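Peer 1: Sequence:
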Amino acid sequence: MATIADLAEALAPLVDFVYPPRCPCCGEALASQVGVCAACWALLDLPGGPLEEGGEGVPVYAATLYNPTARHLVLAFKHGRRTALARLLAQLIAARLPLVPPGEAPPLLIPVPLHRWRLWQRGFNQAALLARELARLGKGEVLLDALERPRRTPRLGGLGRVARAEALDGAIRLAPRRAHRVAGRAVILVDDVLTSGATSRACIAALRAAGPARIAVACFARVEAGVDGGFSQNTTPGAIKTPGAT
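In this note's numbering, the protein residues as written are 56 to 301.
Please keep in mind that the hints were generated in silico from the structure rather than gathered at the bench. Source: prediction; values computed, not measured. Mixed in with the good hints, there may be bad ones.
Using C-beta positions, here's what the derived DEER-type ranges look like [what the hints assert, rightly or not]:
| hint | residue 1 | residue 2 | range |
| --- | --- | --- | --- |
| 1 | R206 | A93 | 41 to 49 angstroms |
| 2 | G135 | A97 | 19 to 27 angstroms |
| 3 | P76 | D224 | 41 to 49 angstroms |
| 4 | T138 | G193 | 18 to 26 angstroms |
| 5 | N122 | G266 | 20 to 28 angstroms |
Just so you know, even glycine gets a beta-carbon here, dropped at the ideal spot from N, CA and C.
Please build the complete structure, drawing on both the sequences and the hints.
Peer 2: Structure, rendered in structure tokens:
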């Protein structure tokens with residue numbers, strides 16, 4: 056019986072004919088639907104190593120630093136609805152993640168949650184797509200509903216640290232039915248872009264209530280302090296968006 060992968064491979068020539076592969080950054084012709092051209096690939100800014108989130112000993116594994124090329128990829132993926140880019144972005148993230156210690160259970164891949172109205176508007180949770188692809192790459196076990204976002208939050212751009220924390224107070228929580236799955240396990244919090252870190256800190260605080268063995272953050276792009284004037288994690292730098300939770 057043919058699998059979905061077999062069907063996709065068989066239809067690839069037709070898809071390429073109807074929709075010629077183009078680089079999502081510059082529009083240059085490509086050999087396949089997933090990827091970037093060599094020139095744009097060279098412009099990606101790869102970080103030297105993991106950063107620490109919030110001074111709390113939580114490592115952040117970012118595939119790239121947020122620059123114009125990374126921005127094009129993120130906007131095409133999240134706002135341009137080019138969800139097939141999840142595979143490429145996840146491959147870049149996976150290359151930064153450490154190997155699982157021998158004999159240890161694979162980490163839980165937990166995406167940053169969306170509020171239900173944002174999920175309805177967008178049609179998908181970009182962090183969940185990345186988590187699924189990371190699981191396919193053997194980087195862990197997906198647990199999509201470990202975190203919940205029961206209420207909407209305002210856009211955090213322009214708010215100070217205290218105001219961000221107040222806006223997120225109670226906005227993200229651990230799903231009670233998943234607490235036993237998180238207890239004692241290594242956890243990787245997955246998102247597309249990490250900016251101020253306000254949302255990731257709220258997620259980390261919620262996860263710690265279940266007693267995980269350790270927590271790390273994995274993202275495609277990390278915004279360095281001062282880039283684009285500072286942005287919140289629920290505002291993709293350079294994107295014009297409807298106010299609300301992401």
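Peer 1: Next step is simple, just say for each hint if it's right about the structure.
Peer 2: Results of checking the hints against the structure:
1. R206 <-> A93: 41 to 49 angstroms: With a Cβ separation near 45 angstroms, R206 and A93 satisfy 41 to 49 angstroms, so the hint holds.
2. G135 <-> A97: 19 to 27 angstroms: holds (22 angstroms)
3. P76 <-> D224: 41 to 49 angstroms: Given range 41 to 49 angstroms: holds, Cβ gap about 45 angstroms.
4. T138 <-> G193: 18 to 26 angstroms: holds (21 angstroms)
5. N122 <-> G266: 20 to 28 angstroms: 38 angstroms Cβ-Cβ, so the 20 to 28 angstroms window is violated.
When held up to the earlier numbered hints, the structure conflicts with hint 5 and nothing else.
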